[in-house]
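Following the hints, complete the assembly by docking chain H onto the known chain P.
Chains as they are written, first to last, in this note's numbering: chain P, 1 to 132; chain H, 1 to 132.
Hints in this document: simulated from the structure, not taken from any laboratory.
Be careful, since some hints might not be right.
What the hints assert, rightly or not - Which residues of chain H face chain P? A few of them, derived with a C-beta cut under 7 Å, are:
no., residue
1, SER64
2, THR69
3, VAL110
4, ALA111
5, THR112
6, ARG115
7, ASP116
8, TYR117
The beta-carbon is built from N, C-alpha and C at its ideal position, and this holds for glycine as well.
2 protein chains.
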Amino acid sequence: MRAAGYVSGVPDNELLIAATPPPPYTAVIFRSVRSDDGDGYVEMAIEMERLAATQPGYLGIESSADAKTGLTVSYWASDDDARAWKQIGEHLAAQRIGAERWYRDYVVRVATVHRDYRRLNDNDHDTGNGGS
Amino acid sequence: MRAAGYVSGVPDNELLIAATPPPPYTAVIFRSVRSDDGDGYVEMAIEMERLAATQPGYLGIESSADAKTGLTVSYWASDDDARAWKQIGEHLAAQRIGAERWYRDYVVRVATVHRDYRRLNDNDHDTGNGGS
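Just chain P, same shape as in the assembly:
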């Protein structure tokens, strides 16, 4: 049985786990601690993810957040692609009056992924979610 997807015919997992190619590729790890002022935050986050997806070298994005913290990792074909996105993303954020309010603190880390492994592939588990 296949889990219901956000997009018809696409399993949830395919949207929640980035379909990265074999390493190496570049990861931009964005850790944030939010302020108490959340007005407009969700709309901004959606806009940023949508914009990232249109950039050269974009491979995918993974994000989770609770009421207080956020963790987003975007994946890029090269270090240069990641660097270009950082500049565009910061430029967009700077244009927004709200951006200064949303975060109490944040750290960005740029990293090269050397190895990766996926449960579904590694252990050949049938989780009932389909997949190719």
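What follows is chain H alone, placed relative to chain P:
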């Protein structure tokens, strides 16, 4: 004014953002999509974070989760330290009957961090959260 910390005298940010040294260091990015069965999940996650903190080369951990997904990045002094933790963590998970149930899918990525920057440092903002 200083935000109330989970630990007396320690600002929130210091616990929510890993106090990593200057790069390079190693990041283990753990992305998970959870199943509908959450029994025991939170206890396991806390135990894993506590165990990680006792391992050689541990630098810190950052984690956010919503009802469906989780994203955890642990930081390590070296690639060997990260590899050792992966084996210990998997061993612990394998001992638990529940581990198979909690995740619908997951991906682990091991990466070398080359650059990082923090808002508080970069822009010299005074967010009122203290820090050294």
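Against the structure, test the hints numbered earlier, and report the numbers of the ones violated in rising order.
none
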